[in-house]
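**Q** For reference, the chains in residue letters:
2 protein chains.
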Amino acid sequence: MINSPICGLLGIEHPIIQGGMAWVSDGTLAAAVSNGGGLGIISAMSADAGYLSRQVARARSLTDRPFGVNVMLMSPYAGEVARTVADMGVSVVTTGAGNPSKYMKMWIDSGVAVIPVVASVALARMMERSGASAVIAEGGESGGHVGDTSTLVLVPQVCDAVGIPVIAAGGIADGRGFAAVRALGACGVQIGTRFLVADECSIHDNYKDKIIKASDIATVVTGRRLGHAVRSLKTPFSRAYLKAEYDSALPDEDLEKLGVGALRLAAVEGDAEHGCFLAGQVAGMVKKRQRAADIISEIMAEAEVVIKGASEWAV
Amino acid sequence: MINSPICGLLGIEHPIIQGGMAWVSDGTLAAAVSNGGGLGIISAMSADAGYLSRQVARARSLTDRPFGVNVMLMSPYAGEVARTVADMGVSVVTTGAGNPSKYMKMWIDSGVAVIPVVASVALARMMERSGASAVIAEGGESGGHVGDTSTLVLVPQVCDAVGIPVIAAGGIADGRGFAAVRALGACGVQIGTRFLVADECSIHDNYKDKIIKASDIATVVTGRRLGHAVRSLKTPFSRAYLKAEYDSALPDEDLEKLGVGALRLAAVEGDAEHGCFLAGQVAGMVKKRQRAADIISEIMAEAEVVIKGASEWAV
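Residue numbers (the numbering used here), protein chains in the order written: chain F, 1 to 315; chain V, 1 to 315.
Honestly, the hints are just simulated from the structure, not real lab data.
Cβ coordinates follow ideal geometry from the N, Cα and C atoms, glycine included.
Be a bit skeptical, because a hint or two may be false.
Claimed, not checked - Non-contacting residues of chain V with respect to chain F, defined by C-beta distances greater than 10 angstroms in every case (computed): (1) 73; (2) 89; (3) 204.
As the list claims (entries may be wrong) - Output of the computed footprint for chain V on chain F, the stretches with three or more beta carbons under 8 angstroms from beta carbons of chain V: (4) 70 to 83; (5) 172 to 184.
Please build the complete structure, drawing on both the sequences and the hints.
**A** As structure tokens, this is what we get:
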């Protein structure tokens with residue numbers, strides 16, 4: 001067993017939090033991760049409060065263990081979804097793609113532990129001051145919305161800057177990565193990409209196949225021109241989008257429109273041509289489909305071996 | 001003391017290799033690093049063989065310990081410089097910005113240990129087949145010419161792919177980073193950015209000040225449009241260059257010309273307006289000027305503390 005302050009904080013067995021991924025992290029996957037001893041997360045994505053309520057009910061029908069909700073702050077429904085999290089007594093909320101300050105008081109007053117995802121030291125500091133229970137320091141190698149600074153560089157600087165627990169995200173898929181971020185000062189990890197291929201994950205088979213086949217250089221970042229960078233697999237869609245970004249004759253509004261619906265096409269339809277398959281760089285390390293619980297136990301077992309072996313590095 | 005196979009291979013005390021940085025890594029800095037127990041590296045940059053000969057002579061006048069040369073493969077003088085490395089009996093060569101296959105036989109026949117810098121699993125495999133003694137797996141958070149894949153993701157995949165020793169580069173500036181990449185399977189580190197502020201480093205004071213003041217989000221990658229991405233500090237130069245990259249009316253040749261001379265302006269003149277200050281993301285973790293030997297001993301001491309403490313993570 002690996003000791004971590006976030007296990008007690010969140011009421012979980014292993015310090016592994018599942019990433020909140022749009023069109024991926026539903027109540028079924030979240031329950032499977034929580035039943036495996038980690039913290040499952042339902043993504044509220046850009047859907048309304050009704051969707052979230054149904055997913056929370058679904059997860060509660062499948063597990064008695066704690067799970068959380070991820071609120072994507074750029075969602076047009078962020079406000080009503082934030083209220084639903086508080087009203088339904090969800091135990092933990094993680095936030096992505098922005099600054100959740102305006103919802104923090106409501107959540108904390110309702111007893112929800114708030115764990116924002118941060119991509120910079122400045123936001124980590126601000127979140128600590130606003131009452132966050134912990135922060136997830138997410139490196140730019142992760143999938144979906146990304147910052148620039150890598151996990152290896154970001155995590156120690158966030159650990160130096162705040163007194164609350166720091167969870168590392170981005171680039172972690174096995175026990176080696178877990179042990180590495182522990183050396184940097186993190187007390188747990190958030191993992192997204194490896195759970196894409198969990199048996200309990202409902203995405204299209206084509207998506208899972210693409211993750212399993214991905215190499216070490218299989219992803220690309222698009223959206224930098226518009227100021228919201230997103231990492232996905234290299235596909236016809238991402239190549240066309242990247243080319244359009246360098247076409248300065250194309251207005252920003254038209255560029256924006258190119259991405260509409262592409263996440264759903266990937267996750268639901270498995271559309272290899274027009275889908276946007278979000279994935280972290282670590283897709284290259286994901287080699288097999290497994291039950292969510294087996295993913296968790298395999299990572300923890302490997303981490304223990306690496307950590308126990310560390311004493312032999314120094315002689 | 002931390003045990004590592006590359007110490008015996010290279011005849012060094014500590015498994016720290018200094019990065020080969022154009023306009024930075026001269027004979028004086030290389031000798032200082034080697035005298036501190038690491039492996040100093042002279043950058044042949046884009047200069048001719050005469051420059052390299054003088055720097056090798058300079059280093060030999062300052063140290064009896066082994067040091068190496070970095071050959072930047074995009075240099076117009078790469079061929080003559082490669083020959084000089086073999087002729088002068090330099091013990092180690094590292095290579096950057098490309099595939100050194102065509103020089104490998106000459107170097108190996110001359111007894112030079114070859115350690116290519118690689119940014120992908122495919123190149124690492126090719127280098128092992130060509131006779132490399134080790135590889136430096138360099139993540140995209142490093143400074144200067146960069147690939148995409150981060151150190152945390154690249155290093156374990158390169159370790160899985162090759163049987164020769166793997167040295168990690170990119171994002172490492174302290175003992176925590178050292179311990180982290182050991183957990184990933186690396187047997188040593190290459191460090192560039194922290195040596196920029198070594199007392200024995202001859203760059204302009206303005207450059208050193210910028211590194212010391214850098215935050216966690218202080219760097220940017222330019223050059224992606226032309227296919228050779230370069231990481232540097234955010235400055236008026238890099239902002240203007242990035243803007244020009246998105247101007248599709250600007251021909252590639254004109255974009256290329258914008259960068260000419262900018263490295264020299266930064267390193268030699270300290271020109272805050274027109275200089276290109278190459279730096280890794282880890283600049284945000286570099287907080288003080290020190291002797292090169294003190295940088296090395298501080299990193300190793302901190303790494304030992306982190307590694308010895310690792311056994312307490314598992315309970």
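**Q** Determine for every hint whether it applies to the structure shown.
**A** Hint by hint, here is what the structure shows:
1. Annotated as non-interface, residue 73/V keeps its C-beta farther than 10 angstroms from every C-beta of chain F; the closest such distance is 19 angstroms.
2. No beta-carbon of chain F comes within 10 angstroms of the beta-carbon of residue 89/V; the shortest separation is about 31 angstroms.
3. With 10 angstroms as the threshold on Cβ separation, the claim that residue 204/V sits away from chain F holds: the shortest Cβ distance comes to roughly 24 angstroms.
4. Only residues whose beta carbon comes within less than 8 angstroms of a beta carbon in chain V count, and the stretch 70 to 83 of chain F has 0; fewer than three means the coverage is violated.
5. With a threshold of 8 angstroms between beta carbons, the proposed coverage of the stretch 172 to 184 of chain F by chain V holds, since 10 of its residues qualify and at least three are required.
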